[in-house]
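S.K.: Take the sequence shown: its letter number 160 is residue 159 in numbering that gives the first Met the number 0, and every next letter is one higher.
Because the hints were derived from the structure by calculation, they are not lab data.
On a predicted model such as this, the values are computed, not experimentally measured, just so you know.
Note that the Cβ used here is the ideal one computed from N, Cα and C, for glycine as well.
Honestly, I wouldn't trust all of these hints.
List time: in silico DSS-like cross-link candidates among lysine-lysine, alpha-carbon distance up to 30 Å [unchecked claim]: (1) 30 / 52; (2) 244 / 264; (3) 207 / 244; (4) 264 / 207.
Label pairs and their in silico Cβ distance ranges [stated by the list, open to error]: (5) 262 / 59: 40 to 48 Å; (6) 476 / 331: 48 to 56 Å; (7) 129 / 240: 35 to 43 Å; (8) 266 / 189: 16 to 24 Å; (9) 484 / 129: 46 to 54 Å.
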Amino acid sequence: MLSQDAPFDTRNLPALAPDLVLAEQPGGRWKIQSISPALAALAGRAVEQLQGKALAEAFGDGTPPLAELAREVLENDRPLDAIPVSFAAPRPARLVAEVRPGGLSEDFRGRLVVFRFRRASPGEAGQKLVYGGMVGSSAGMREVFRKIDLYAASDAPVVVTGETGTGKELVARALHDQSPRHRGPFVAVNCSAISEELLESELFGHEKGAFTGAVRTHRGRFERADRGTLFLDEIGDMPVHTQAKLLRALEEGRIERVGAEAEQKVDVRVVAATNVTLEQAVGQGRFRADLYHRLSVLRIHLPPLRQRPEDIPHLAEHFLAMFNRKYAKQIRRLTPDALHLLQSYLWPGNIRELRNVLERVFVETQAEVIGARAFAEWIRERQDFSPGNWNLDAAESRPPQAVSPPYPLASERLLIEGAPRTALEAEIVPRGGAPAGARSTRPADLDVEEIRRAYQAAGGNLAGAARLLGVHRATLYRYLDKLGLRREDLEG
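Build out the structure end to end from the sequences listed, making use of the hints.
M.R.: Dropping the structure here:
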């Protein structure tokens, strides 16, 4: 048996051994009936500490959640093969799971699900996937792609959840493009971008003269999406009285224009998206429970970018290629230290924010490679959230404050994980970000104070100071000689 202190080695997982057997419990919960020593070590516990315990106590942070995979196997009564699964803590690992129905439990009161794990092959771990405009290789995104393939053929409503900027409309478009409705229209509407008074008319249409300003008959989004897909973005913000009419359209497949005397039949598949917790909105009375149950037949969750940093290099490559075509330039790549910096940031704006940051740096860069120093100004803004030089009065009067992601985090981490807390380190590369010998993509322009702060932040190590400044160590030595600086000058 592996000790709790032993490093987890995925080679300890036999290819065909049942590593985990889950027993179904009342209320949709799962209990660990048996677990292999190697898998228990992944949870940082001994086998006897986990047997009989709730699944959430051991593997609550799996992506995708093991409980969700077990539930899918039982609901569809068929196995799942080659499902990439990642575990974040306490010992990160990326595995491939095979999930099978395991029959009935010994007391015949519940069903069993059997998991077998193996190491991911090089083609399964790290290979970039592009699917419907989405890019990624992480277990979370592979699960999104798998669910799109699985749900595309159905006409059942789908709810896509995820934070702002994760790409929920791309998921909706991919569901449409892979479905039998792909020749029909894809119609999108943002429920929070239209006033409460006009949303009902926008969705269901209106007759001429139905209200003041209705000078002609208007076809609503449902009619325009007939025989296709209707994407309702930010559905959690839909007014309650409009929710009732939407429920009727979903239940009966019929709509009635505002001011009309008769209903008409429509054939529409609805895909809804939300960045708020619908369950919480139901509890607060802001969202109808009956509409929630009617919509939440199928669900796809888009993980935030901070939970899949391994996708950032693929996304950066994707966006660089896009910007090269757009601006007719040839910037080949980001340096390893620049990628390390991007992977250290928490990305509250997710992929939309990443794209905007990369486009900004792309436009400013004249070299063929983008280094970490190119992001210095952006880091200062993110760390301090200061107004900048365009409003010095506001900068002086308003205390610096950290930018908080819109979604609650499990911890009070800085936006740049492991980022140094000194003013200097907020301006340049986090400690350890640039490898030795890495060169900046911008010409060095260092002054005495900047060098002194880097030297002190690096603990008196010149090589470390050069890494923080984003320049070659030889460049720093030349500046020391040019400025007549000695070590004792830098320590003052």
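S.K.: If a hint holds in the structure, say so; if it doesn't, say that too.
M.R.: Now the hints, each set against the structure:
no. : hint                  : result
1   : 30 / 52               : holds (6 Å)
2   : 244 / 264             : holds (14 Å)
3   : 207 / 244             : holds (20 Å)
4   : 264 / 207             : holds (20 Å)
5   : 262 / 59: 40 to 48 Å  : holds (47 Å)
6   : 476 / 331: 48 to 56 Å : violated (29 Å)
7   : 129 / 240: 35 to 43 Å : holds (42 Å)
8   : 266 / 189: 16 to 24 Å : holds (23 Å)
9   : 484 / 129: 46 to 54 Å : holds (50 Å)
Hint 6 from the list above is the single one not met by this structure.
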